[in-house]
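Undergrad: Sequence:
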Amino acid sequence: NEAQRYFNKQKRVSVLEVVVDKPDRVGELRPAILKAGGPSIYVTDWRQRNASFFSALQVERNVMFIILTLIVLVAALNIVSGLIMLVKDKGADIAILRTMGATRGAIMRIFFITGASIGVVGTIAGLLLGIVVCLNIESIRQFVSYLTSTNLFSPELYYLSQLPAELDTGEVTTVALMALTLSVLATLYPSWRASQLDPVEALRYE
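Going by our numbering, the first residue of the sequence shown is number 1, and it counts up by one from there.
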């Protein structure tokens, strides 16, 4: 071809470029290419050529995990504050239940179940929404690009023709369990506070 004639390397090839349909699975082809080429061949892929870019993505991934953790903590604090306000608002009702024979444990369970149900429903809703977005991220990108008439993921800038997304079941499970654990722990103090309410003090001004 023209490159061989230009470099005066007739019937010799020094570089081969392999184009694959799925760039994110290029690592699976590496062993086969090395085996076919022999020990003298040197194989490099687009991930190695853009190692600094992917290092930056890894840092961004770690930062995003920290941000998500902080978001979950804020949500847990919202559960705490919401239940504390509920305890204050329902002080008279709690006192009436206590005078009717409800134990401290029963009062604590009521508020514990209330707070835990908020955390469970919120976690499940967020989990389902996140899975739907992850599995349809490219369609969502195209739709938003169409609405805004802009290219949100330029191939010239990111070296990819589409927005990649992978559903990591391990990380999803970890985040979901962490959210559930924090939401359950967040209900302990308000529930305990409700169980310690003195009926006499609560009904004094009623």
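Among the hints, a few may not be true.
As the list claims (entries may be wrong) - Calculated lysine to aspartate or glutamate pairs in the EDC-like style (CA-CA distance at most 16 Å, straight line):
(1) Lys88 x Glu166
(2) Lys90 x Glu201
(3) Lys22 x Glu201
(4) Lys22 x Glu138
(5) Lys22 x Asp45
(6) Lys90 x Glu166
(7) Lys88 x Glu201
Stated by the list, open to error - Now the in silico label distances, taken between C-beta atoms and shown as ranges:
(8) Asn62 x Ile131: 19 to 25 Å
(9) Leu29 x Val184: 30 to 36 Å
(10) Val59 x Val20: 25 to 31 Å
(11) Arg61 x Ala36: 30 to 36 Å
Rather than coming from a laboratory, the hints here were simulated on the basis of the structure. Computed from a prediction, not measured in an experiment: that's the story for all the values here. Glycine included, each C-beta is placed from N, C-alpha and C at the ideal position.
Undergrad: All hints, please: hold or fail.
TA: Going through the hints against the structure:
1. Lys88 x Glu166: Given pair Lys88, Glu166 is violated - Cα atoms ~45 Å apart, limit 16 Å.
2. Lys90 x Glu201: Holds, at about 13 Å.
3. Lys22 x Glu201: Given pair Lys22, Glu201 is violated - Cα atoms ~69 Å apart, limit 16 Å.
4. Lys22 x Glu138: 15 Å, holds
5. Lys22 x Asp45: 13 Å, holds
6. Lys90 x Glu166: Outside the cut-off at roughly 46 Å; violated.
7. Lys88 x Glu201: Within the cut-off at roughly 12 Å; holds.
8. Asn62 x Ile131: 19 to 25 Å: Roughly 22 Å apart at Cβ, these two residues keep to the hinted range, so it holds.
9. Leu29 x Val184: 30 to 36 Å: 46 Å, violated
10. Val59 x Val20: 25 to 31 Å: Roughly 27 Å apart at Cβ, these two residues keep to the hinted range, so it holds.
11. Arg61 x Ala36: 30 to 36 Å: 34 Å, holds
Of the hints listed earlier, those the structure fails to meet are numbers 1, 3, 6 and 9, in rising order.
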